[in-house]
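A.B. asks: What follows is the residue order along each chain.
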Amino acid sequence: MPIIEIKDLYHVYSAGTPFEKVALDHVNLSIEAGEFVGVIGHTGSGKSTLIQQFNGLLKPTSGEILVDGKNIWDDKKNLRALRFNVGLVFQYPEYQLFEETVYKDIAFGPKNMGLSEEEIDQRVRDAAGFVGISEELMEKSPFELSGGQKRRVAIAGVIAMDPKVLILDEPTAGLDPKGRDRILGRIKEYHQTKKNTILLVSHSMEDVAKYATKVLVMNKAKIFTYGTVDEVFSKSDTISHMGLSIPQISKVFHALSEKGYPVNRNVYTVEGAKQELLKRLSKGHVR
Amino acid sequence: MLKDITIGQYFPGSSFIHRLDPRVKIILTIAYIVMLFVVSNAIGFLVGIALLIVSYVVAKIPAKMMLKGIKPIIPIVIFTGILNLFFVSGTPIFEWGFLKITYEGLRLAVIMAIRILALIAGASLLTYTTSPIELTDAIESLLKPLKVLRFPVHELAMMMTIALRFIPTLIEETDKIMSAQKARGADFESGNLLQRAKALVPILIPLFISAFRRADDLAMAMECRCYHGGEGRTRMKQLHLGAIDLYGSLVMALCIAGVICINLFVPAFF
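Taken in order, these protein sequences are the chains called P and X. The first sequence begins at 0 in numbering that gives the first Met the number 0 and counts up one residue at a time. The second sequence begins at 0 in numbering that gives the first Met the number 0 and counts up one residue at a time.
Extracted from the complex, chain X is given alone in its bound form (with noise of 0.2 Å):
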């Protein structure tokens, strides 16, 4: 049931999308979602979903990996649909009782869900396509300004690059814990609420130990070698732009800029 944690989980490949500079993929990402913000069109959206889907085509990742990303934002979705469809003002298009559906909320909740739903396939995208690694080391680059600011860019980078190294670790060894606990007849899935969260108890405590021991023999691992912080550190894997990079960059130029154009000269008829 934990296996089931899509967070930063990495599809290996070589496709196009894989190659990309990972600094340039997040820039992408970024430009998608704005672009997804910018629309108000329906030919638009489908210009952003056919974007979409030709990524994850080209990516070769599973449609079923992209409905699982999905998956658990449904409830937010949903809610956000009704509260959009229920209460926004204009010509009402169905009366019953207090209850009230206008034109304009309808078309409000379509588009709202759309976005949300294009959005977070477009950010799974990313995790899947780029290693936990490629994306702090882009996150550090991209950050680099602020450090005139005497904000610790490298510091953060290596705590996200720590703290994604061991999501897998904690979550393997969380299942072993949890498999050693049932084995004992520990039971997690009756009783009322709080007998399940005392039934928790066994799990976390040996998690904690565990966590603090492994953080205990990481910092004295990483002091033996020399580790003190980011001054004056070389990459083993320098981030580099390329050509396919530039193509990227102009697919997504493109999309925009015909997102905006569509939204300018093209009629809505929704």
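Okay, chain P solo, but in the shape it has when bound (with noise of 0.2 Å):
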């Protein structure tokens, strides 16, 4: 059974005056449990809007979400304990901070949720982990951290929650390449321990071909498509219509390709790339 479903949902933006906006058209995706599914897409194709319905945060125009079976939107009472089991790291989550230690404000999400003592203080604890914010962190005031260590308090404020769905948006922007690769590295082993479901808002298609098993792309309120890596990216010269570019690595192996070289084109990451050349060089094919 997927654990989320979206069907038919519409979402308007300031109905009836002259900023209405769709942001939603009618989609419908089901996401099975476990999956890492990367989600890329324009600004303004509705991404946002999109991940802020599964916790229930924005109400649809129309349609139906369901989450593990059941329709958010059923009972409202039910909705706080949802957003417990559907976290959501928004954009820049660092401005969300305001305890007066590190140690705390990873405990308001747990706190909320009406746990004992000595669980607060395990969640804490292995979810500042997860993230990499060593002890001597703990006692400090989040303030006076740096941009990428503020940015991990505050993921780790929602995986303390140990939610069953992890939503992040755009959880790199504003961070150079060595934050980016270490909250996304994070991330992915945050995944493979906790077996649970992850998206990952991007724009970078080199992350998403990196870490994601899963890739959705929106494209001007509407999903254009959802499937594996390979097959999405099998669809790059669209993907490249719609403005949004394929990983670098990828056009080197279309250039090869067109060049007459034998390569395999399904290639997106480094890493791949050098497999599949050596396997090419040991085979003899390229001198």
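Please note: incorrect hints may appear among the correct ones.
[Unchecked claim] Simulated pairs of lysine to aspartate or glutamate, EDC-like, Cα-Cα distance not exceeding 16 Å: (1) P:Lys187 x P:Asp206; (2) P:Lys6 x P:Asp24; (3) P:Lys110 x X:Asp186; (4) P:Lys75 x X:Glu188; (5) P:Lys76 x X:Glu188; (6) P:Lys75 x X:Asp186; (7) P:Lys193 x P:Asp125; (8) X:Lys175 x P:Glu93; (9) X:Lys197 x P:Glu98; (10) P:Lys149 x P:Glu134; (11) X:Lys175 x P:Asp168; (12) P:Lys139 x P:Glu99; (13) P:Lys58 x P:Asp74; (14) P:Lys209 x P:Asp236; (15) P:Lys76 x X:Asp174; (16) P:Lys110 x P:Glu98; (17) P:Lys58 x X:Asp174; (18) X:Lys197 x P:Glu99.
These are computed hints drawn from the structure, not numbers from a lab.
Make the complex out of the two chains shown on their own, each in a separate frame, by following the hints.
C.D. replies: Take a look at the structure:
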């Protein structure tokens, strides 16, 4: 059974004013548990609206959202419990930090769940461990930390709720390459340990190709395609037409194949490229 | 819920009212308010209300927006209505125990209610049809004579521009922070007064921090572009009076003259 299912979802902002805008245009989607989904699309393609539907922060104009087979808008009282199950990390989440210490800030979510002191302590330490926040930072004020550290503390604040589905909206925006790899690496590790479902919104095809198992491409308030990384990137021509770039390394391999070299076109990561080249070299196809 | 705030909400358009010079619009709005208080006759009120409705129709502002602007002041209208109804002395028309409604009280209550509602609707029309930037430009221009008294007109206008500019930004920011804390299970809707006040802490602290950061960034950006106050500063958009401003003023003058004549020559039947 899919963990998230949406049926004919329609969302319009500022209905009845000159600023009216359709953000989701009759969208259907179902996501299986355990997937690592990369969500890509232009600014304004409806990504942020879509992910805020999953935990009931936005109410659809029409259509249904089923989480674990239950319509989330059936009983409004369950919305809060739903938000603990579907954890959402917003863009620039460091701007939501407010507590005196890093520890207290990470504990905000678990505390709202009404857990016992020991349980909270355990979860805070686990979450901090997952994102690589060391013990001596725990008693510092979150405002003393560096940008990347703040970001990781904010992500830990959501991870500490131990959600079944973790949604991250561009968690690497504005970070340097090192900070980016660090956060994404931690998230991947977290995914492998917990075996939960992760949705990662990103502008970077490289990141999506490297970390995701499935890719969801949004375009103009509709879902353009949803499938495995191979399936989606095989449509690279249409994706380029939408103005979204495919990974650089794929471009190199496409160019090679067009020049007549017998290489596999379905290469999306540098690691995959290395394997492919070594295979070709050992076979002696390429001199 | 925060999106319902309509203060300073601008409805872009190109109607006759939109194209009026903002200075003229401010003066006409003040004139309209004065007119509402000059009126003392039911027929005069009809003129005032008709002018208001015609203006909204000409400006193509939906009636829904007019009602939305009026909604928050309904309690004030009811409160003044009750005060007027029971505490004005005159010929009694209804008596029950210590409660006494007089003819004069009833009349005043109805008149004041109409005045307040028309006043707010008229003032809202100004903000619906004038962008905040135009509005502050106009205020700066209108207050210029005060410069003689060393009143910092430009600084005041700049402060107003910045404040108005940042209202939507801060509302959006508040919305975002609220959503982020809700996603972590924050609860703003239940509990007693103290618990609700406490629940605001996770919103207010990030909001203050971001407001200070924005102020800092803005000051830096303005300095980088060599901003040094109003001295010798020219404008990209100069305000010009045109024919439509004359027509607009004529319509208003006619209405005021009409209302005064009605006051003087038409017998008040209410």
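A.B. asks: Just to be careful, I want the Cα atoms of P:Lys75 and X:Asp186 compared with a cutoff of 16 Å; is the pair within it?
C.D. replies: Holds, because 13 Å separates the two Cα atoms, which is no more than 16 Å.
A.B. asks: Could you grab the alpha-carbon distance between X:Lys197 and P:Glu99 and see if it respects the 16 Å cut-off?
C.D. replies: At roughly 15 Å apart (the allowed maximum being 16 Å), P:Glu99 and X:Lys197 satisfy the hint.
A.B. asks: Between P:Lys187 and P:Asp206, is the straight-line Cα distance small enough, at 16 Å or below?
C.D. replies: Given pair P:Lys187, P:Asp206 holds - Cα atoms ~11 Å apart, limit 16 Å.
A.B. asks: Need the status of pair P:Lys76, X:Glu188: alpha-carbon distance at most 16 Å?
C.D. replies: Distance of about 11 Å is within 16 Å: holds.
A.B. asks: Going straight from one Cα to the other, do X:Lys175 and P:Glu93 come out at no more than 16 Å?
C.D. replies: Holds, at about 12 Å.
A.B. asks: Run the distance test for P:Lys149 versus P:Glu134: straight-line Cα separation, threshold 16 Å.
C.D. replies: At roughly 15 Å apart (the allowed maximum being 16 Å), P:Glu134 and P:Lys149 satisfy the hint.
A.B. asks: Does the structure keep X:Lys175 and P:Asp168 at a Cα separation of 16 Å or less?
C.D. replies: Holds, at roughly 13 Å.
A.B. asks: Is it true that the CA of P:Lys110 sits at most 16 Å from the CA of P:Glu98?
C.D. replies: holds (13 Å)
A.B. asks: Starting from P:Lys76, check that the Cα of X:Asp174 is at most 16 Å away, please.
C.D. replies: violated (21 Å)
A.B. asks: Does P:Glu99 sit within 16 Å of P:Lys139, going by the straight-line distance between their CA atoms?
C.D. replies: It holds: about 8 Å lies between the C-alpha atoms, which stays within 16 Å.
A.B. asks: Has the given pair, P:Lys110 with X:Asp186, been kept, meaning a C-alpha gap of at most 16 Å?
C.D. replies: With a Cα-Cα distance of about 12 Å, the restraint between P:Lys110 and X:Asp186 holds, given a limit of 16 Å.
A.B. asks: Below or equal to 16 Å on CA atoms is what counts here, so check P:Lys193 against P:Asp125.
C.D. replies: holds (12 Å)
The structure does not agree with the numbered hints 14 and 15 stated previously, though it agrees with the rest.
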